[in-house]
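Under UniProt numbering, the sequence shown has 179 at position 179, and the numbering climbs by one with no breaks.
If you're looking for bench data, these hints aren't it; they were derived computationally from the structure.
Don't take every hint at face value.
Lysine-lysine pairs mimicking DSSO-like chemistry, simulated, CA-CA at most 27 Å apart [said to hold, decoys possible]: (1) K196 to K222; (2) K118 to K222; (3) K114 to K193; (4) K220 to K114; (5) K124 to K222; (6) K114 to K124; (7) K114 to K222; (8) K220 to K124.
So the derived label-pair ranges between C-beta atoms look like this [as the list claims (entries may be wrong)]: (9) R182 to G157: 15 to 25 Å; (10) S184 to P214: 35 to 45 Å; (11) D122 to G157: 38 to 48 Å; (12) D155 to D189: 13 to 23 Å; (13) K124 to P214: 43 to 53 Å; (14) G200 to D122: 15 to 25 Å; (15) D216 to R185: 41 to 51 Å; (16) E126 to L96: 19 to 29 Å; (17) D207 to E174: 34 to 44 Å.
Cβ atoms here follow ideal geometry from the backbone N, Cα and C, with glycine treated the same way.
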Amino acid sequence: MATPINHNPLARVSAARPPPRSLRRRAAAAAPGPAGKEPSRSRCAPPSLSSSPPPPEWRESRRSLSFSLLLAHLVAAPDHAIAGGFMDKYVKKKRLDPLEAYVPAVILSQLQIKDLEKTLDDEKPEFAACRSVLRSGPAASLRVNIRAVAQYASDGGNGKAASGDVDQCLRALEDLDSLLLRASRKEPDASVKAMKAKIGIAVDALDSLLQTVPQDVLDKGKAAADAYRIPRDMEPEIVDPEIKQLESIL
1 MATPINHNPL ARVSAARPPP RSLRRRAAAA APGPAGKEPS RSRCAPPSLS SSPPPPEWRE
61 SRRSLSFSLL LAHLVAAPDH AIAGGFMDKY VKKKRLDPLE AYVPAVILSQ LQIKDLEKTL
121 DDEKPEFAAC RSVLRSGPAA SLRVNIRAVA QYASDGGNGK AASGDVDQCL RALEDLDSLL
181 LRASRKEPDA SVKAMKAKIG IAVDALDSLL QTVPQDVLDK GKAAADAYRI PRDMEPEIVD
241 PEIKQLESIL
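Generate coordinates for the entire structure from the input sequences, incorporating the hints supplied.
Below, the structure is given as structure tokens:
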């Protein structure tokens with residue numbers, strides 16, 4: 001039986017036309033390569049998200065976000081909550097020694113400051129040496145000692161007055177130190193008269209603070225301070241064992 005002849009010219013053209021280029025590329029990619037080699041990946045294939053680290057911009061943005069959240073929490077929290085909840089975990093209040101351990105040192109510091117006033121009466125006072133006096137001996141620990149005495153006064157109901165005495169004394173000594181420094185630099189406005197005035201304020205503030213100490217403790221403190229200042233070759237025998245103990249502490 002004879003095969004019918006197709007007289008449609010479009011059919012002959014489509015039969016002779018090669019397949020599109022995109023189809024040829026897909027066929028070439030699907031064809032197996034040489035033995036032992038895997039087909040190459042397309043250059044446009046996206047990288048694996050599980051193995052690649054996040055970009056630096058994303059890490060920085062996460063860090064900034066964490067800091068912003070922490071800052072917002074601190075700003076939103078009230079001041080007393082921050083002070084009471086955050087700092088109390090790390091700051092512990094130092095337990096005070098007995099009051100008898102602080103009173104003799106405060107008295108000795110007061111006497112040391114009074115002696116400084118006598119030094120200023122010299123014809124040519126050594127202002128730099130006077131500054132060193134404020135940083136040596138019992139005066140070096142005056143700040144700690146008077147605050148401890150003020151704490152005991154606060155426990156006895158005299159905290160407000162004692163705290164004012166402490167602030168007044170420390171402020172006067174800071175002003176005195178500044179005057180001594182300026183005088184050592186030959187500045188004309190730093191007068192000896194102003195220095196003596198600051199010494200008087202500090203001594204009076206210490207007197208007021210010591211009035212908050214019980215009388216028996218104050219008497220023992222004065223006895224221990226006097227024994228400390230007596231030269232060794234002129235020192236009488238101390239009979240009271242409590243005064244001996246205080247002197248050994250000093």
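We went through each hint and held it up to the structure:
For the given pair, K196 sits about 24 Å from K222 by alpha-carbon distance, which is consistent with the 27 Å threshold. Our distance criterion of 27 Å between C-alpha atoms is met by K118 and K222, whose separation comes to about 21 Å. A C-alpha spacing of about 14 Å is found between K114 and K193, which places the hinted pair at or below 27 Å, so the restraint holds. Only pairs whose Cα atoms come within 27 Å are accepted, and K220 paired with K114 is accepted, the gap being roughly 21 Å.
Restraint check for K124 and K222: the C-alpha separation of about 33 Å exceeds 27 Å, so the hint is violated. Only pairs whose Cα atoms come within 27 Å are accepted, and K114 paired with K124 is accepted, the gap being roughly 18 Å. As the CA atoms of K114 and K222 are separated by approximately 15 Å, the hinted pair is consistent with the 27 Å bound. Of the pairs offered as hints, the one joining K220 and K124 is violated, with about 38 Å between alpha carbons and a cut-off of 27 Å exceeded.
Distance hint check for R182 and G157: the Cβ-Cβ separation is about 41 Å, which falls outside the suggested range of 15 to 25 Å. Look at S184 against P214: about 41 Å separates their beta carbons, and that is inside 35 to 45 Å. Between D122 and G157 the C-beta distance comes to about 44 Å, which sits within the given range of 38 to 48 Å. Between D155 and D189 the CB atoms are about 43 Å apart, so this pair departs from the stated range of 13 to 23 Å.
For the pair K124 and P214, the supplied restraint of 43 to 53 Å holds, since their beta-carbon distance comes to about 44 Å. Our hint of 15 to 25 Å for G200 and D122 holds, since their Cβ atoms are close to 18 Å apart. Here the CB-CB span from D216 to R185 is close to 47 Å, well matched to the stated 41 to 51 Å. In this structure the hint that E126 and L96 lie 19 to 29 Å apart at CB is violated, the actual value being about 37 Å.
With their beta carbons about 19 Å apart, D207 and E174 fall outside the hinted range of 34 to 44 Å.
In this structure, the earlier hints numbered 5, 8, 9, 12, 16, 17 are contradicted, and the remaining ones agree with it.
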